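Listed here are the chains, written in short residue letters.
Number of protein chains: 2
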Amino acid sequence: MLGQILQPEIKDLINSRDFSSLKEVLDDWTPADIADLLSDLPDHEQAILFRILPKDIATDTFEYLDVDVQLSLLKALGNEEVAFILNDMSPDDRTAMLEEVPASILKQMMNLLSVKERHVAQSLLGYPENSVGRLMTPDYLAIREDWTVQEVLDYIRKHGKDIETLNIIYITNEKGKLIDDIRIGEFLLAPLELNVNDLMDGNFTYLQVFDDQEKAVEVFKKYDRIAIPVTDSSGILVGIVTVDDVLDVAEEEATEDFQKLGAVEALEDSYAAIPLLQMIKKRAGWLSVLFVGELFTASAMGFFEHEISKAVVLALFVPLIISSGGNSGSQAATLVIRALSLGEVTIRDWYFVMKREIISGLILGTILAILGFLRITLWQNFSGIYGPHWLPIAFTVSFALVGVVMWGTLMGSMLPLGLKKIGFDPAASSAPFVATLVDVTGLMIYFSIALLLLKGTLL
Amino acid sequence: MLGQILQPEIKDLINSRDFSSLKEVLDDWTPADIADLLSDLPDHEQAILFRILPKDIATDTFEYLDVDVQLSLLKALGNEEVAFILNDMSPDDRTAMLEEVPASILKQMMNLLSVKERHVAQSLLGYPENSVGRLMTPDYLAIREDWTVQEVLDYIRKHGKDIETLNIIYITNEKGKLIDDIRIGEFLLAPLELNVNDLMDGNFTYLQVFDDQEKAVEVFKKYDRIAIPVTDSSGILVGIVTVDDVLDVAEEEATEDFQKLGAVEALEDSYAAIPLLQMIKKRAGWLSVLFVGELFTASAMGFFEHEISKAVVLALFVPLIISSGGNSGSQAATLVIRALSLGEVTIRDWYFVMKREIISGLILGTILAILGFLRITLWQNFSGIYGPHWLPIAFTVSFALVGVVMWGTLMGSMLPLGLKKIGFDPAASSAPFVATLVDVTGLMIYFSIALLLLKGTLL
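Top line first, the protein sequences correspond to chains F and P. Quick note, the first sequence lines up with residues 1 to 459 if you use this note's numbering. Quick note, the second sequence lines up with residues 1 to 459 if you use this note's numbering.
Looking at chain F on its own, in the form it has when it is part of the complex (with noise of 0.2 Å):
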């Protein structure tokens, strides 16, 4: 905001190339917002505003910029000032660049990575994508629980600096293993000769280096902490997830599910930014599925042409009762879709969500049911437009109604969690592949109730 609001100004200061200016309106600005204004400019500025940066705040704002301007605005720097940054940005945000850069470039930077900082990194990295590993960072300080309140204050003051949080202080026995988290403000409010074992109540939350980034969101959610301890498998205390990387996670999770449900691959990038080809890439596969599956309703269709020949009056409601199914699905797969993620049913409560489905689509479906009878009789007293037998096709209409959706929200709600239960992402049974699904059944159900009602009259 600030930064669209000021950019015609910092421009012409980087084009008269008045850094001392520029330098005092910078200022008073904090790293986020210069981050923001960084983004705006072309290329080849960013790095002239870059360099004019004091160092104390170069990296911080570095941190806040998305990985791709990161990686161009490395491109431009030299050696030894890509060199600062990589060893002096925070483990996590480190890790979260390195991924995506290319395999080539990645160990050019490792090498500009002092012996230290690029165990650290190698050691992030080799987590798999989306574990906690990949997420957490290496700077905590952990303290023993025989010293006094006052030694640990001594400690902090001593081995504080570049440590990511000190609102929460680990305690770890003689061989690095997790026994308690206590929270800074107590050292704070407790007598300084009290022992840190006074304070412990060996209730602590940690994470594993190897569980699901999804976990820490749930986690996190859960226990309403600012950070979480990570442990490897026999307890050694090895990093924290802090909330602010989760809050991203959890955005990118929403992001990815409510893109899976309009049918569309997660995009790795923003609308704005992802290359047009590679976007319809994404697009592309998921619409060609549905449209084979689709393109079973012409043989459905094909299958009753004969009866449609003899009353093409049916075919005029075929959009009516397909659309009015896969809406009805689309509903339901939504809301179990989104409880299932928010934990709010599981797979277990099936025989519920199934029970709660049927009389939800009966009462749906007859609520349509009526509006479009409602609909035929109107119009054929206005002008007999559907023939001297308009009953029984508004019936054949209303009760393929009924059918039709009870169809759809039973379908849409059962297939996220078959899914779910053979190991598949629920999310995949997006809105559109209920709606194809239900479009091909529901043309089953309405020429059959048609045969079922219309024979020896209409066909």
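Quick caveat, the hints were computed from the structure, so don't treat them as lab data. The model shown is predicted, which means the values in this text are computed figures rather than measured ones. Beta carbons are placed, not taken as given, at the ideal position from N, Cα and C, and that holds for glycine. Careful: at least some of the hints might be erroneous.
Claimed, not checked - Some chain F residues well away from chain P (every beta-carbon gap over 10 Å; in silico):
id	residue
1	41
2	53
3	134
4	180
5	210
6	211
7	342
Unchecked claim - Between beta-carbon pairs, the in silico distance windows are:
id	chain 1	residue 1	chain 2	residue 2	range
8	P	177	F	285	51 to 59 Å
9	F	21	P	118	36 to 44 Å
10	P	118	F	52	49 to 57 Å
11	P	12	F	208	28 to 36 Å
12	F	146	P	158	23 to 31 Å
13	F	205	P	173	14 to 22 Å
14	F	106	P	118	34 to 42 Å
To be verified - Below, simulated DSBU-like cross-link-like pairs (lysine-lysine); rule was C-alpha separation at most 30 Å, straight line:
id	chain 1	residue 1	chain 2	residue 2
15	P	75	F	282
16	F	282	P	221
17	F	222	P	221
18	F	116	F	55
19	P	421	P	455
20	P	161	F	282
21	P	310	F	455
22	P	310	P	355
23	F	355	P	281
24	P	161	F	158
25	P	310	P	75
26	F	158	F	116
Please arrange chain P on chain F, whose structure you already have, making use of the hints.
Below, chain P without anything else, positioned relative to chain F:
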């Protein structure tokens, strides 16, 4: 999780009134886990279990419960117990609960609060729903800039009890105006004789009480903070918002957008907890609106009834054509709605989006057209089902697909932008809504092309 595994054992202990063993088992549990267990118990057992909790964790546990469980629990407890919990709760959690209480009970509860807490509760409830004011807690520490670090630490030690977060300390002037915030870690690392204003950088981010809660989510995402101060319109510090509350708001918002995309009004409660009839009401509205929209397809089809009766083969492809338009429209709407809600694109980018979607639609439509053409050609060669005029039919279907898919992507992408422009929620342009709009126009496109290409042969 833990709760579910141990529940039978716990139930036995409750049934046999073995409170001492119960106490022992729960001793190792976190408030979040006890809250989970409580929620799984039947109503009458909740109060029994809750009463045996030690006072110091009872309120913590209470804060983790869902509002409906909180209220049913309060009903089962005595006035004195209720008064203790209400006064002990943190103001933001209490506000979240009081918002859901019927007015008559709200008055009773307010009377149970101490004068000080009642004042806090009333002031928080005075802010509009979905405002930052409702989300904030007045539990924070504010200091003056002329204090020394030692004085600050002493002050924290004296006044830090019951403060929601000690992680960030706020600096105000003599009028209570916020002038800076400093992380607790800085005080711990600084020499004790230093002045607060030596640590100040004048860089701070804040929210205002009347800001929308969505703005709070944005600001937290941008600045990676764990708490952000809240001021009134004149800059006076009145409270802070913590990241755990914002994580909940972000999730709620994502759920709302998700449900709207699936054409369900946002549910006020979880899928499992909401009463069946209330859920049906949330679905029936949209479903009926879509149905009424879809009724126009019957009119559109009726408009071309003469053509259909002459060439029934045209009817066979109707579901295929309209669903392809609907699906491509859903994709486009999904992408644009999410990009809007994440701020990746704004209304001003409409021209960029339009260009992208026209090109996307052209390419995607062409892919489907080729698939459709192949399908008709293949089936024709096998069975001759489409008669002597199969080639113009195949061209009709293919051109219609290109037109309908382009139209779908264009409508799907422009509708959310248009809604936002006129001040509506872009998420209201749900995927099924776009599909319905495209269905009617898709039929017009299809039959118009048919008239053009088949005049003189089939029509």
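Cross-check of the supplied hints:
1. 41: holds, 18 Å
2. 53: holds, 14 Å
3. 134: holds, 17 Å
4. 180: At roughly 12 Å from the nearest Cβ of chain P, residue 180 of chain F sits farther out than 10 Å, so the non-interface label holds.
5. 210: Correct as stated: the minimum Cβ-Cβ distance to chain P is 18 Å, above 10 Å.
6. 211: holds, 13 Å
7. 342: With a cut-off of 10 Å, residue 342 of chain F comes too close to chain P, as the shortest Cβ separation is near 7 Å.
8. P:177 / F:285: 51 to 59 Å: holds, 56 Å
9. F:21 / P:118: 36 to 44 Å: This hint is violated: roughly 53 Å between Cβ atoms.
10. P:118 / F:52: 49 to 57 Å: Holds: the Cβ-Cβ distance is about 54 Å, inside 49 to 57 Å.
11. P:12 / F:208: 28 to 36 Å: Given about 31 Å between the Cβ atoms, the range holds.
12. F:146 / P:158: 23 to 31 Å: Holds: the Cβ-Cβ distance is about 27 Å, inside 23 to 31 Å.
13. F:205 / P:173: 14 to 22 Å: Given a distance of about 39 Å, which is not inside 14 to 22 Å, the answer is violated.
14. F:106 / P:118: 34 to 42 Å: Taking Cβ atoms as reference, residue 106 of chain F and residue 118 of chain P lie about 60 Å apart, which means the hint is violated.
15. P:75 / F:282: At roughly 53 Å apart (the allowed maximum being 30 Å), residue 282 of chain F and residue 75 of chain P break the hint.
16. F:282 / P:221: It holds: about 27 Å lies between the C-alpha atoms, which stays within 30 Å.
17. F:222 / P:221: holds, 19 Å
18. F:116 / F:55: holds, 21 Å
19. P:421 / P:455: violated, 42 Å
20. P:161 / F:282: violated, 53 Å
21. P:310 / F:455: Judged against 30 Å, a Cα distance of about 23 Å means the pair holds.
22. P:310 / P:355: Given that 30 Å is the threshold and the Cα spacing comes to 39 Å, the pair is violated.
23. F:355 / P:281: Holds - the C-alpha atoms of residue 281 of chain P and residue 355 of chain F are around 17 Å apart, at most 30 Å.
24. P:161 / F:158: Holds, at roughly 26 Å.
25. P:310 / P:75: violated, 71 Å
26. F:158 / F:116: holds, 19 Å
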